[in-house]
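Between the sequences and the hints, there should be enough to build the whole structure, so can you do that?
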Amino acid sequence: MQSLYQEYKNKAQFFIIYIREAHPADGWQVPQNIQDGWVLLEPVTFEERTKVAKEFLEKTKLTIPTLIDNMDNKVDENYKAWPERVYIIEIDGKVLYKGAEGPWGFEPLEIKPYFDIMSSVKNSGKIATTWGALKQ
Amino acid sequence: MIKTNTIIFASLLFIFAIIYPFNSAIGADGPNVGEVPPDFALKDINGNEVTLSSFKNISRVVLFFGSCT
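As given, the protein sequences belong to chains A and B, one line each in that order.
Just so you know, numbering that gives the first Met the number 0 puts the end of the first sequence at 135, numbered straight through with nothing missing.
Just so you know, numbering that gives the first Met the number 0 puts the end of the second sequence at 68, numbered straight through with nothing missing.
In short, the hints are calculated from the structure, not lab data.
Treat the hints with caution; some may be incorrect.
What the hints assert, rightly or not - Cβ-to-Cβ under 8 Å is the rule here; a few derived chain B residues that face chain A:
id, residue
1, 30
2, 31
3, 37
4, 42
5, 49
6, 52
7, 58
8, 67
9, 68
Unchecked claim - Computed list of lysine-lysine pairs in DSSO-like fashion (alpha-carbon distance at most 27 Å, straight line):
id, chain 1, residue 1, chain 2, residue 2
10, B, 2, A, 73
11, B, 42, A, 58
12, A, 8, B, 2
13, B, 2, A, 93
14, A, 60, B, 42
15, B, 55, A, 73
16, A, 53, A, 79
17, B, 2, A, 50
18, B, 2, A, 10
19, A, 8, B, 42
20, A, 79, B, 42
21, A, 93, A, 10
22, A, 58, A, 8
23, A, 73, A, 93
24, A, 93, A, 111
25, A, 93, A, 50
26, A, 8, A, 60
27, A, 53, B, 42
28, A, 111, B, 55
29, A, 79, B, 2
30, A, 53, A, 10
31, A, 50, A, 111
32, A, 60, A, 50
33, B, 55, A, 10
34, A, 10, B, 42
Heads up, the beta-carbon is just placed ideally off N, CA and C, and yes, glycines get one too.
Structure below.
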């Protein structure tokens, strides 16, 4: 994600939208998160969610502008985004690309052809195909 | 016995008929390619509000949704 941002930030406005946790410790905890040290309770206030998002950005060294979904999770619901998903909104305000549902469908590299018709996703190599890979 | 099964089946059909339209309503699977997505106004980590529609006719927007877990 960071590499894509660096490469195309002059061609589009990038945002991470930080939504409700996929695997909080008080929810669907997964061993991989324990192993990687990502153990936290689902934030219950907007301030808590913002704090978690800031920590996430610090740990991953991501510099992509980050928005925080409100605690009603309305934006997440409207975009059927949980646990993760990518969209490109074209300059005309319409959806240009809609990624498949994460985690398996979360493939940020799929946005490349929309920016650079000369590059192919196949030949570009994988940068970080999942949020899990990002954390490592 | 047959009557009971019929009643159960009819009940399930009834429940499905009520739930299905909500499930398949536009937006249930998020906006599709070519559609105008729902607008939003969210705060960034520094508290500044950002509105999606403010980028219309100005810039393409890439959205990465997710969480750290």
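Please work out if residue 79(A) and residue 2(B) have their alpha carbons no farther apart than 27 Å.
41 Å, violated
Next pair to validate is residue 2(B) with residue 93(A); report whether the Cα-Cα distance is within 27 Å.
Not OK: residue 2(B) and residue 93(A) at ~52 Å, beyond 27 Å, violated.
Interface hint outcome for residue 67(B) [beta carbon to chain A under 8 Å]:
Since the shortest Cβ distance to chain A is 4 Å, the answer is holds.
Is residue 8(A) within 27 Å of residue 60(A), Cα to Cα?
OK: residue 8(A) and residue 60(A) at ~16 Å, within 27 Å.
For the restraint on residue 42(B), tell me whether the closest CB of chain A is nearer than 8 Å.
Constraint on residue 42(B) satisfied, holds at 6 Å.
Interface hint outcome for residue 68(B) [beta carbon to chain A under 8 Å]
4 Å, holds
For the pair we were handed, residue 93(A) and residue 10(A), check the Cα-Cα distance against 27 Å.
Holds - the C-alpha atoms of residue 10(A) and residue 93(A) are around 16 Å apart, at most 27 Å.
Taken at face value, is the distance from the CA of residue 50(A) to the CA of residue 60(A) at most 27 Å?
15 Å, holds
Close enough to count: is the Cβ of residue 37(B) nearer than 8 Å to one in chain A?
4 Å, holds
Under the criterion that the straight-line Cα-Cα distance not exceed 27 Å, is the pair residue 73(A), residue 93(A) satisfied?
With Cα atoms ~19 Å apart, residue 73(A) and residue 93(A) stay inside 27 Å; holds.
Take the C-alpha atoms of residue 8(A) and residue 2(B), compute the straight-line distance between them, and say whether it is at most 27 Å.
It is violated: about 65 Å lies between the C-alpha atoms, which goes past 27 Å.
Quickly compare the C-alpha distance for residue 50(A) and residue 111(A) to 27 Å and report which way the hint goes.
Not OK: residue 50(A) and residue 111(A) at ~31 Å, beyond 27 Å, violated.
The structure does not agree with the numbered hints 10, 12, 13, 17, 18, 25, 29 and 31 stated previously, though it agrees with the rest.
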